[in-house]
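Protein chains: 2
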Amino acid sequence: MILPQRRSKQMKIENLVVGGGAPVVVEGMLKQDIKKFDTSVEELRNLVREGCELVRVALPTRSTVPFFKKLIAESPVPLMADVHFSWSLAREAIASGAPSVRVNPGNMRRGGEMRRFAKEAQDAKVVVRIGANSGSIAENNERLSADEVVKRLSSRTLDFIKLFEDEGVTTLIVGAKSSSVSETVSANRIIARECEYPIHIGVTATGAGKMALLKSASAISTLLLEGIGDTVRVSLTDTSEEEVRIGRQILQVLGLRRFSPEIISCPTCGRCKVDLQRVVEEAEKRLFPLPGWLKIAIMGCVVNGPGEAREADLGIAYGVKKAVIFAKGKKVKYVSNISALSELIKILNGSNFDGSKG
Amino acid sequence: MILPQRRSKQMKIENLVVGGGAPVVVEGMLKQDIKKFDTSVEELRNLVREGCELVRVALPTRSTVPFFKKLIAESPVPLMADVHFSWSLAREAIASGAPSVRVNPGNMRRGGEMRRFAKEAQDAKVVVRIGANSGSIAENNERLSADEVVKRLSSRTLDFIKLFEDEGVTTLIVGAKSSSVSETVSANRIIARECEYPIHIGVTATGAGKMALLKSASAISTLLLEGIGDTVRVSLTDTSEEEVRIGRQILQVLGLRRFSPEIISCPTCGRCKVDLQRVVEEAEKRLFPLPGWLKIAIMGCVVNGPGEAREADLGIAYGVKKAVIFAKGKKVKYVSNISALSELIKILNGSNFDGSKG
Numbered sequence: 001m002i003l004p005q006r007r008s009k010q011m012k013i014e015n016l017v018v019g020g021g022a023p024v025v026v027e028g029m030l031k032q033d034i035k036k037f038d039t040s041v042e043e044l045r046n047l048v049r050e051g052c053e054l055v056r057v058a059l060p061t062r063s064t065v066p067f068f069k070k071l072i073a074e075s076p077v078p079l080m081a082d083v084h085f086s087w088s089l090a091r092e093a094i095a096s097g098a099p100s101v102r103v104n105p106g107n108m109r110r111g112g113e114m115r116r117f118a119k120e121a122q123d124a125k126v127v128v129r130i131g132a133n134s135g136s137i138a139e140n141n142e143r144l145s146a147d148e149v150v151k152r153l154s155s156r157t158l159d160f161i162k163l164f165e166d167e168g169v170t171t172l173i174v175g176a177k178s179s180s181v182s183e184t185v186s187a188n189r190i191i192a193r194e195c196e197y198p199i200h201i202g203v204t205a206t207g208a209g210k211m212a213l214l215k216s217a218s219a220i221s222t223l224l225l226e227g228i229g230d231t232v233r234v235s236l237t238d239t240s241e242e243e244v245r246i247g248r249q250i251l252q253v254l255g256l257r258r259f260s261p262e263i264i265s266c267p268t269c270g271r272c273k274v275d276l277q278r279v280v281e282e283a284e285k286r287l288f289p290l291p292g293w294l295k296i297a298i299m300g301c302v303v304n305g306p307g308e309a310r311e312a313d314l315g316i317a318y319g320v321k322k323a324v325i326f327a328k329g330k331k332v333k334y335v336s337n338i339s340a341l342s343e344l345i346k347i348l349n350g351s352n353f354d355g356s357k358g
Numbered sequence: 001m002i003l004p005q006r007r008s009k010q011m012k013i014e015n016l017v018v019g020g021g022a023p024v025v026v027e028g029m030l031k032q033d034i035k036k037f038d039t040s041v042e043e044l045r046n047l048v049r050e051g052c053e054l055v056r057v058a059l060p061t062r063s064t065v066p067f068f069k070k071l072i073a074e075s076p077v078p079l080m081a082d083v084h085f086s087w088s089l090a091r092e093a094i095a096s097g098a099p100s101v102r103v104n105p106g107n108m109r110r111g112g113e114m115r116r117f118a119k120e121a122q123d124a125k126v127v128v129r130i131g132a133n134s135g136s137i138a139e140n141n142e143r144l145s146a147d148e149v150v151k152r153l154s155s156r157t158l159d160f161i162k163l164f165e166d167e168g169v170t171t172l173i174v175g176a177k178s179s180s181v182s183e184t185v186s187a188n189r190i191i192a193r194e195c196e197y198p199i200h201i202g203v204t205a206t207g208a209g210k211m212a213l214l215k216s217a218s219a220i221s222t223l224l225l226e227g228i229g230d231t232v233r234v235s236l237t238d239t240s241e242e243e244v245r246i247g248r249q250i251l252q253v254l255g256l257r258r259f260s261p262e263i264i265s266c267p268t269c270g271r272c273k274v275d276l277q278r279v280v281e282e283a284e285k286r287l288f289p290l291p292g293w294l295k296i297a298i299m300g301c302v303v304n305g306p307g308e309a310r311e312a313d314l315g316i317a318y319g320v321k322k323a324v325i326f327a328k329g330k331k332v333k334y335v336s337n338i339s340a341l342s343e344l345i346k347i348l349n350g351s352n353f354d355g356s357k358g
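In order, the protein sequence lines correspond to chains A and B. Residues in the first sequence are numbered from 1 upward in steps of one, following the numbering used here. Residues in the second sequence are numbered from 1 upward in steps of one, following the numbering used here.
FYI, nobody ran anything at the bench for these hints, they're computed from the structure. Heads up, a few of these hints could be off.
[Unchecked claim] Derived BS3-like pairs: lysine-lysine, alpha-carbon spacing no greater than 27 Å straight-line:
#, chain 1, residue 1, chain 2, residue 2
1, A, Lys36, B, Lys321
2, A, Lys151, B, Lys330
3, A, Lys35, B, Lys36
4, B, Lys273, A, Lys36
5, B, Lys151, A, Lys331
6, B, Lys321, A, Lys273
7, B, Lys210, A, Lys285
8, A, Lys295, B, Lys151
9, B, Lys70, A, Lys273
[As the list claims (entries may be wrong)] Below, a sample of chain B positions facing chain A; criterion: calculated Cβ distance under 7 Å:
#, residue
10, Lys31
11, Asp33
12, Phe37
13, Arg143
14, Ala205
15, Met211
16, Ser218
17, Val253
18, Arg258
19, Gly270
20, Val280
21, Val303
22, Gly307
23, Gly319
Glycine is no exception: its CB is placed at the ideal position from the N, C-alpha and C atoms.
Isolated chain A, as found in the complex:
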């Protein structure tokens, strides 16, 4: 399927490739204070286990830098120092060995200090992420309209790109986040049009619960399906592990990456003669965890059931009393509705079935 794609320049943070057609990166961020070093190491390991490929770490004060340096030594994935307000702190992050540093154009001044940082970043081949946020672009107690937020987020980002380029720094990742989905989408559409750097996408301050998932998926997916976005972070008022899981799931539902098996199942309606919600729950319990990637369809009636079941790697299309089981596009068995799930699992566990190729 031809989806639009914006081809960005490719950056490398240690061994991690970002942009230029590389798989979209799943980022995370530590929620622990890094001075609680042991719990931070544990959080980092949990993130990596969940599939996080780049971990951002807040360095709010000078006293956090030694802990950050120790964490770099412990980490199996590259770290990004997150610095606000102070170029000298950003320079200390570089000195401590950070392969990447995020700076916020909303709260970092231009001038000599910035140039010194740029020079040191260039010498150390550090990737600089220019990350603007809707919460830090207003000045002097202004309250901005949505249009002004979009304009400010994009122009600040583009200004910073220009300033860094003028100093010879072209190892950049850029992007802007708002707590509003439409502002986030609009600002990054502008940034994507005006530069060729990889774009980091996400929504900031989404809140908690389902609303937060919907905000993140809405903005990230809209941009990715327009071809914009090389690295994502889902930010939730929830655990950092959950942020990584949801980030991966968004990439998977867009078909951009495949991490885990997927169950397709219908919403059910007056046609459905089985308790499909219960069947799906049972299937999740009995099927997962599964190695590799596999699409399994569990469908409640004859309208779309056989079609979806045929398209999946394995599928059940329930009927009034009998169900049809499909494997790799072929009908393999008619069975009673009651025994269908067990039959599907038998096929899955059979030596002839190879689902791992998806």
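For chain A, the structure is supplied; the task is to place chain B on it using the hints.
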């Protein structure tokens, strides 16, 4: 903010306006068998209470039609008959008083029967939804590639539009659903470009749990933020009430409609000195339900806290020990972190605060 917008023709289903710049409609569908009439009436009422504006009802057999007729009489919102395979059943739906009928171009034949249905639909001013699904477009046991699914979904829909127009029926709502996000987006991009009818959007067979939410939000938001979509249904392997709630939430996170108060809160990081997740949970308990619409920001540090808190109707920006409370863009109070939430609630309940205008 200038977001693209596709201007569709406007349709009316009883008093419900769809398309042509009207607010995007939230649809639902009954999951009960309509022959279980009392439980169906109860389900319908629950959907309406959750904010559902148009309810689709499956009519799998002739014997369901009398129940459908009775349900029309009971319903405070317009109903749409969902018919597959049989034009004569679709004609019976019209005869029973259905203000709208959905037909599936994947399983309804062309020919004389279709023309008779079109004539009767025109006479009765019925709105016909042409709704194609990925599960019912393959023929003779084909297995389609993603490209073929997109092509088939869009061409079948456009063919049916042409056939109905040839019979004089121009009260149409159209749209295609796939169980794949990118196929759904691609097919509806084509349909939107090729016709001027309102478009119904949703993802079919999303499955259960968070993955299903992410799929729905991804496709629906991508299309809506491109200006495509006049009516949505979220389809989940979950209750029909939940489908309606999530549908409304997606429209709200896009800023297209406002139904309920919204809490903005940050993901927290090493800078945050309060247990923000717990504060947000407590805020949700103490603040909701709130009448009207209101944006409340609960932010953990000084980086983006004051900015987001100022933009919201009410906000807390926590610091190391002290928090600042904002109301309608102005700092109103410095308080201890511990008492911040209570202070915010006092302001909200005060007679001087009018948040209902959002």
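Each hint, compared with the structure:
For the hint pairing A:Lys36 with B:Lys321, the CA-to-CA distance comes to about 19 Å; that is within 27 Å, so the pair holds. With a C-alpha separation of about 23 Å, the suggested pairing of A:Lys151 with B:Lys330 holds against the 27 Å cut-off. For the proposed pair A:Lys35 and B:Lys36, the alpha carbon gap of about 61 Å is over 27 Å, so the pair is violated. This hinted pair checks out: B:Lys273 and A:Lys36 have alpha carbons roughly 13 Å apart, not beyond 27 Å.
Our distance criterion of 27 Å between C-alpha atoms is met by B:Lys151 and A:Lys331, whose separation comes to about 25 Å. Restraint check: the Cα-Cα separation between B:Lys321 and A:Lys273 comes to about 59 Å, which exceeds 27 Å; the hinted pair is violated. Restraint check: the Cα-Cα separation between B:Lys210 and A:Lys285 comes to about 16 Å, which is no more than 27 Å; the hinted pair holds. Restraint check for A:Lys295 and B:Lys151: satisfied, since their Cα atoms lie roughly 22 Å apart, inside the 27 Å limit.
Proposed proximity of B:Lys70 and A:Lys273 is supported: the alpha carbons are some 23 Å apart, at most 27 Å. Proximity of B:Lys31 to chain A holds as hinted, the smallest CB-CB distance being about 5 Å (cut-off 7 Å). Look at B:Asp33: its Cβ gets to within about 5 Å of chain A, closer than 7 Å, so that hint holds up. Against a cut-off of 7 Å between C-beta atoms, the interface hint on B:Phe37 is violated, since the closest Cβ of chain A lies about 11 Å away.
With its C-beta approaching chain A no nearer than about 4 Å, B:Arg143 sits inside the 7 Å limit, and its interface hint holds. Satisfaction of the interface hint for B:Ala205 is found here, the shortest Cβ-Cβ separation to chain A being roughly 5 Å, below the 7 Å cut-off. Because the smallest distance between the Cβ of B:Met211 and any Cβ of chain A comes to about 6 Å, under 7 Å, the interface hint for this residue holds. Below 7 Å, beta-carbon pairs count as interface contacts, and B:Ser218 has one with chain A at about 3 Å; its hint therefore holds.
Hint status for B:Val253 relative to chain A: holds, with the closest Cβ pair at about 5 Å, below 7 Å. With a least beta-carbon distance of about 13 Å to chain A, the hint placing B:Arg258 at the interface is violated under the 7 Å criterion. The beta carbon of B:Gly270 is positioned within 7 Å of a beta carbon in chain A (closest approach about 4 Å), and the interface hint is therefore held. Hint status for B:Val280: holds, given a least beta-carbon distance of 5 Å to chain A, under 7 Å.
Nearest Cβ of chain A to the Cβ of B:Val303: about 5 Å, under the 7 Å cut. The hint holds. Look at B:Gly307: its Cβ gets to within about 3 Å of chain A, closer than 7 Å, so that hint holds up. Violation of the interface hint for B:Gly319 is found here, the shortest Cβ-Cβ separation to chain A being roughly 12 Å, above the 7 Å cut-off.
Hint compliance for this structure: hints 3, 6, 12, 18, 23 are broken, all remaining hints hold.
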